[in-house]
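Let chain P serve as the given structure and place chains H, X, Y, C, E, W and Z on it in line with the hints.
8 protein chains.
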Amino acid sequence: MNSESVRKLFEQVRRGKISPDVALEQLRHLPFEDLGFAKVDHHRALRIGIPEVILGQGKTPAQIAGIFKKLALHGRNVLATRASKEQFSAVKKTVRGAKFERSARAIVLHRDNKIYGKGLVTVISAGTSDMPVAEEAVVTAEIMGNKVERLYDVGVAGIHRLLMHRQAISRSRVIIVCAGMEGALPSVVGGLVGVPVIAVPTSVGYGASFEGMAALLGMMNSCASNVSVVNIDNGFGAGYVASLINRL
Amino acid sequence: MNSESVRKLFEQVRRGKISPDVALEQLRHLPFEDLGFAKVDHHRALRIGIPEVILGQGKTPAQIAGIFKKLALHGRNVLATRASKEQFSAVKKTVRGAKFERSARAIVLHRDNKIYGKGLVTVISAGTSDMPVAEEAVVTAEIMGNKVERLYDVGVAGIHRLLMHRQAISRSRVIIVCAGMEGALPSVVGGLVGVPVIAVPTSVGYGASFEGMAALLGMMNSCASNVSVVNIDNGFGAGYVASLINRL
Amino acid sequence: MNSESVRKLFEQVRRGKISPDVALEQLRHLPFEDLGFAKVDHHRALRIGIPEVILGQGKTPAQIAGIFKKLALHGRNVLATRASKEQFSAVKKTVRGAKFERSARAIVLHRDNKIYGKGLVTVISAGTSDMPVAEEAVVTAEIMGNKVERLYDVGVAGIHRLLMHRQAISRSRVIIVCAGMEGALPSVVGGLVGVPVIAVPTSVGYGASFEGMAALLGMMNSCASNVSVVNIDNGFGAGYVASLINRL
Amino acid sequence: MNSESVRKLFEQVRRGKISPDVALEQLRHLPFEDLGFAKVDHHRALRIGIPEVILGQGKTPAQIAGIFKKLALHGRNVLATRASKEQFSAVKKTVRGAKFERSARAIVLHRDNKIYGKGLVTVISAGTSDMPVAEEAVVTAEIMGNKVERLYDVGVAGIHRLLMHRQAISRSRVIIVCAGMEGALPSVVGGLVGVPVIAVPTSVGYGASFEGMAALLGMMNSCASNVSVVNIDNGFGAGYVASLINRL
Amino acid sequence: MNSESVRKLFEQVRRGKISPDVALEQLRHLPFEDLGFAKVDHHRALRIGIPEVILGQGKTPAQIAGIFKKLALHGRNVLATRASKEQFSAVKKTVRGAKFERSARAIVLHRDNKIYGKGLVTVISAGTSDMPVAEEAVVTAEIMGNKVERLYDVGVAGIHRLLMHRQAISRSRVIIVCAGMEGALPSVVGGLVGVPVIAVPTSVGYGASFEGMAALLGMMNSCASNVSVVNIDNGFGAGYVASLINRL
Amino acid sequence: MNSESVRKLFEQVRRGKISPDVALEQLRHLPFEDLGFAKVDHHRALRIGIPEVILGQGKTPAQIAGIFKKLALHGRNVLATRASKEQFSAVKKTVRGAKFERSARAIVLHRDNKIYGKGLVTVISAGTSDMPVAEEAVVTAEIMGNKVERLYDVGVAGIHRLLMHRQAISRSRVIIVCAGMEGALPSVVGGLVGVPVIAVPTSVGYGASFEGMAALLGMMNSCASNVSVVNIDNGFGAGYVASLINRL
Amino acid sequence: MNSESVRKLFEQVRRGKISPDVALEQLRHLPFEDLGFAKVDHHRALRIGIPEVILGQGKTPAQIAGIFKKLALHGRNVLATRASKEQFSAVKKTVRGAKFERSARAIVLHRDNKIYGKGLVTVISAGTSDMPVAEEAVVTAEIMGNKVERLYDVGVAGIHRLLMHRQAISRSRVIIVCAGMEGALPSVVGGLVGVPVIAVPTSVGYGASFEGMAALLGMMNSCASNVSVVNIDNGFGAGYVASLINRL
Amino acid sequence: MNSESVRKLFEQVRRGKISPDVALEQLRHLPFEDLGFAKVDHHRALRIGIPEVILGQGKTPAQIAGIFKKLALHGRNVLATRASKEQFSAVKKTVRGAKFERSARAIVLHRDNKIYGKGLVTVISAGTSDMPVAEEAVVTAEIMGNKVERLYDVGVAGIHRLLMHRQAISRSRVIIVCAGMEGALPSVVGGLVGVPVIAVPTSVGYGASFEGMAALLGMMNSCASNVSVVNIDNGFGAGYVASLINRL
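Residue numbers (my numbering), protein chains in the order written: chain P, 1 to 248; chain H, 249 to 496; chain X, 497 to 744; chain Y, 745 to 992; chain C, 993 to 1240; chain E, 1241 to 1488; chain W, 1489 to 1736; chain Z, 1737 to 1984.
To be clear, the hints were calculated from the coordinates, so they are not data collected in a lab. All of these numbers come straight from a predicted model, not from anything done at the bench. Hints should not be assumed to be uniformly reliable.
Listed next, the in silico DSS-like pairs over lysine-lysine satisfying Cα-Cα at most 30 Å (straight line) [claimed, not checked]:
id, chain 1, residue 1, chain 2, residue 2
1, P, Lys118, H, Lys362
2, Y, Lys862, X, Lys643
3, W, Lys1606, E, Lys1387
In isolation and in its complexed conformation, chain P is listed as follows (with noise of 0.2 Å):
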């Protein structure tokens, strides 16, 4: 237990072989860890239903299985996020129970399945093409506790598709929507509906749509005012703080 040394250094002072002052004085030069402080993230790594994140981009198939076997050792959910085949396979060899969600490229390892969100969570993408960043949002909601409904393909350019499922919006607490290209979607739901909509901008287009970049634009500029942003293809970071508010 990393405040031990605090404790020992109240132990000498009650035992008077050490005054205050010095005790004081002797607080000041401690490592900081043994100030309590680290009890922040202690604090987090407890908290219920936020699951174990890994970046999978980049890594070996080895390290990954590596990581992923220590902490599902915690006894949380675990999610590797942009994962290959080839590395679940490593994965699924050391940690009994790993699945592989394919189309949001993501490892997942349930363990945790409580509901924590109070409400329901939508996810919706303007194309087919932005699926596997809309699938990484859900994925990332359901991990975390979270009933996701899917509505995808519903781009501006055919509003009706949109607009037939208007009911089933209504009914979201959070809303996720993912789009490419001109980015406009999320300015549509937005003006549909009274809760807050994450919008994940994605790097599909090609010409002018520079990566993402005028789809990121374009949301930094909805004139919804209940939207908010994450950066392009952060379908990790959009179910992340949909999970967040739809717990609060």
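Then chains H, X, Y, C, E, W and Z, alone, in the frame of chain P:
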């Protein structure tokens, strides 16, 4: 009442004047608003605690006074953002009770002082120059029925100032963080708490800050997973999103 | 008449004064305009219904009045865009019948009121701030002989307002859509109709709108296939292109 | 049939089972598609001469063959853009009559060869490297029922090559101009004719062409008033817009 | 004294009023500043030779005079950067001894004239227009206790002017180089010496200098390994970094 | 011969078969090339010392060999830039005498070895990585009939290496300077001489060099007045411009 | 005379007062300018026909008058660019013969009217708004001793206007082309001639012209090989480079 | 010895063979290096503790082995940055004692292990992905004779991890901070210490990180005054600058 023509259609069917098939056909050719779709907006208009909002920027004092007066008739709170002292002078002549929040550059009319937010909204800013944006967020969250606390001038280059208020921050249900220059504060705050953080890049800075672009990019790339971002200097948007989250 | 020298050449050949070979050689060394090439321009000048156009911006009242007067002698309609009240004051002193279209910032002289457009041009705008650009498009289309309808303040965050006018939109032969901020409106409109949509990004917005760049990029990436784009705030260009299409 | 529930409502009113008021209320809560709004799409689907379109890019040969086969059942023309030879191999096994337009990177199925366009569409390109984009425009315009003429390799640095074809250009009802590098050709072409010019920036170039951004910006700033622009390398979009214009 | 509450805790333990375990628990819940962490800042405040600094830009004369007066009470040097003549007029009325360094746009109050820097700081500028930035660096370095030499107007297009001063440059312990336009000077200076070079891009230039962006990028890409860079026009930052280096 | 139809016209006039007026009318409707305008190109084709040029990039070995062979028939020098070893293998099988300049990535065929340039062209490069671009400039200038000297690896961070060659530089009639990273070398060279300097930004660098953009901006902002700039990595263009200047 | 100390060294050696070795050592420690290196600049100062140049922008009338007067003492031509009427008023009081070229925003003093250029410099501009930049080029080329012809308002959207002057253009030895907006004119001009073309992007335009960036990028990507480029609005630089070329 | 010709000149003067005036004239025309100017470089070559450096990137194993071997002859430390395993295989065959620092991607040869740095250099990184850049800085600082400590994976979103090491950080004489994504760490570190901080933006991140541009801009705008910045991923540059500072 705009659904009158639909009601008339049903009446004619009831009286046997037209067959259901003919009625169906006529229904399809009615102007859209008669189909009741406009209810969406109507409902929104009635949603409790959401103020009427005017963008002051680019309007003459006379224009803003006119709009403000008209909106005030609805009986809800009214908020004019990016407003000037001159605009307020015009407003206060026609609307009793309107006040000018100078540091937020906002004109407010409080009719409904009920608290709709379930917890505390904390608005944090990095430097004193970010204050107008932060205050716009504060005023917006307050007029939408939230308890708001300010924590200003706690930029990352003096991290201890922020940490001194760690416990205060931990009491928040939603946090808004305004920062210009490198825009690093939301990441640090995000790492200290487990609730949603709305980041507002401000145009504070010079040279390579490019009117807030540096801060915007920084926030989009936040390494804290609970951060989402609104437009540069968009204190209103942040206050609005935070309010929606806080009443969930 | 500028083909006189060519005619003279033929005459000399006819009279046997010079041989065809010599004439051919001389032909090649005549100033270019004598070859009749300038007819292109001449023809254009005579093309019916195309107004004479002056860019008001950056000219003194005296300059614009002088040019306006000279162009008015041609007997065609005259249009000065981006003009100020001061410029109009100077123009109206010298050109009888010139009018100032304040909201479009345009000075117009209508000589030819014939309708050349075969159908309806509809000009749609997202917000009230886009009006000067939309009005420039309206005035341009009108002076080029089109019936024009306005549909303003129907931005995507309140999609029902646009949809209410769906049938009106469907009557159009060409549609111009002006929008700033995220510039999403042309995609939605484009999805509702089967006719060409001319998108005009406007510089309306702040922060990450980057003076219209966000809207421009959004429109370039429109997921509706019937959208093409003109320069930021270029209401004139949109009105011009729409007019050419409408008279086909 | 999706308006069945509305019909049932009328039937109940007719039979006196429910009052018009109750019916009106129920109507408002029916799922959106029952209101007949989906007709928009249905109508569009039936619009003559508009092909079914698939974006080949990013799809497996099996996927594209499956989609292509399904769309071919509708009896309309089918177009797959940005397609590869491998994708075509898969398609031709399942769809009789499908052809590969190699230079346009397109798979086409011609069922309806009727000419819907009222005049000539001319596709002009600046250099030989722009040809794939230009051909995509040609194939799109042809499958949408237009007579198309090609005028390739007539870049502005050898202006006489373009001018030699001046009369051919003048016969066009709509013109598409594809150019990379400085993207200057649409301005020159636009100055020669009085019809709409659709400009397509291409990613041809290197260094400061920034993948077509230089050409895009050049075209947005065209000093010819009859030019509108589509996305970089978007030959399909240009062909689509030109076809819509040409059938007006 | 802010560690009083901790001392009290020790005292209570010494007196046996509370057990070490209870004390430990209470320690953890004390407000952060009581843990002595604030010493960091306190120490910094006492660090010798570091002036109090005010950013003059955007403050009224009254505001700056108020802040200046308050800081002057600390007994240390005071520096207000980006200050105007009007601001100085207000300051000099309340703070005796304050001076205005016009070319540096700085108000200074020298209380401590001791030299803390171990060697010479040389400030080099490319052109006369870079002087305000260079002077800001000079004033900053001087008020932080350095001997400073100026070497102005030695841009790379007249390389001999720089080389004439080669020996003077070689005497420096740290060098600051201010340059706008192409920002090439730091590379050349860096190649002449073996000491750290702080490069300051300035916004001097026009057109493609993009307010200093060209110079900034140039300096970031310096082929001299001893160059590091601060923000555009940030003479203060350069003077500050150079001072810290020079007192090592 | 393409002016045949014009000659025929004159002949008919001479013979009295048609009147001058009719001839004039017919002249106006002749295809453009019959008017002799194509002479511009013809003349250019005959201009001495200008090679036929092929851009190798993006062409198959077979394609390049075919074009090369055809151009070789004109009897002039032939240059293929951005060519690969594989392309050269194909060329040398069909064109005797073709050589591969490996470091310039160019295939050359020298037929005309006459010196057309009146003075010396010096090609200077900042670093060894800039060599391919510099060599492309050398090969271009040589095949266009210039005496060329190389001065490589004389970047600004070791200014004495450049200065050692000051007299050699002074002998030049035109100078080409290739540099990546900060692109500072042209300014320094420009300051040393009184002749035109053609600057070539190269894509050498990493990070904030942005593929040559930093060097390009640096060169555009050169404080030396005798510098003009060509595209990133455009060694050919620089060699071409320098050759035109040198033969004046 | 600044080589006096070197001469003295030789003298001492001659007299046997110091040995060659000692002299060599002393030589190495002499201040740089004594080594004669400064001759470079001196020579430049004496180079015939090169004017003394002052950048007027950002200087007070008094400053510019002072500098102008001092430079006028050298007996050479003097040119102040980007100068205002107020600055000229101050200059003309102290320097007899100074003239204000209003459209070029330049103050000139002609002492040496000799023609140094061997041929004709033609300055071409696309639109009337480009005139100030074009005139700056004209004034610069004239004061450096060139015969200059203007060809204004011949933008690419009316290509025949340019072509009418084809023969005039062909007489030029060097050509300067100024254009804003899409910046296409240099490519067209470059294709018509076989001499060097200096392209000057201007900041004329709006929206996506981005203060001349669009024109700059267009010109950098010119498909004409004889084009090189100077900074946005840098008419002076173009005139300077053209003058150096023309006197070769 | 390269000053031989100067010595010879003195000798001739001494012998009376040439007069001082003639000698002076000849001196001026000697090649530059004979004037002893090259001493600058020579001195630099001898400067103790500075390694010979090779940029491995873009060189073949054979090339790098050849250069490495040659430099190893100088007897100084040798460092090859951005080197591959293959390059090392080639080097170790020819240079005994060369080692491969895998995580830094560097080949090192330690000849001189003396400590030249007066204090501790601490290298801090935000995330594990920043390690290659951080290690390059470590290896560079070590081979230049510094004691280096690593402090990795202490990003701002978990600020307590950084703070735990506050005292370790305080012992540093110079600090290098490597961070990608939002690049916020240097500001926080800068605020904790009173010594120079060298910030290295890394290309770690995705989407709106734009290959390190977001981090670069963030660091340029750091609100901590003791931060200066080097190029993206330039660990070598940071290690080099830190080493120069640390030996002052």
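| field | Pair hint lysine 1606 (chain W) and lysine 1387 (chain E), alpha-carbon separation not exceeding 30 Å | value | Satisfied, since the Cα-Cα distance of roughly 22 Å is no more than 30 Å.
| Regarding the pair lysine 862 (chain Y) and lysine 643 (chain X), is the alpha-carbon distance no greater than 30 Å? | Given that 30 Å is the threshold and the Cα spacing comes to 22 Å, the pair holds.
| message | Between the alpha carbons of lysine 118 (chain P) and lysine 362 (chain H), is the straight-line distance 30 Å or under? | response | holds (24 Å)
Of the hints listed earlier, there is not a single one the structure fails to meet.
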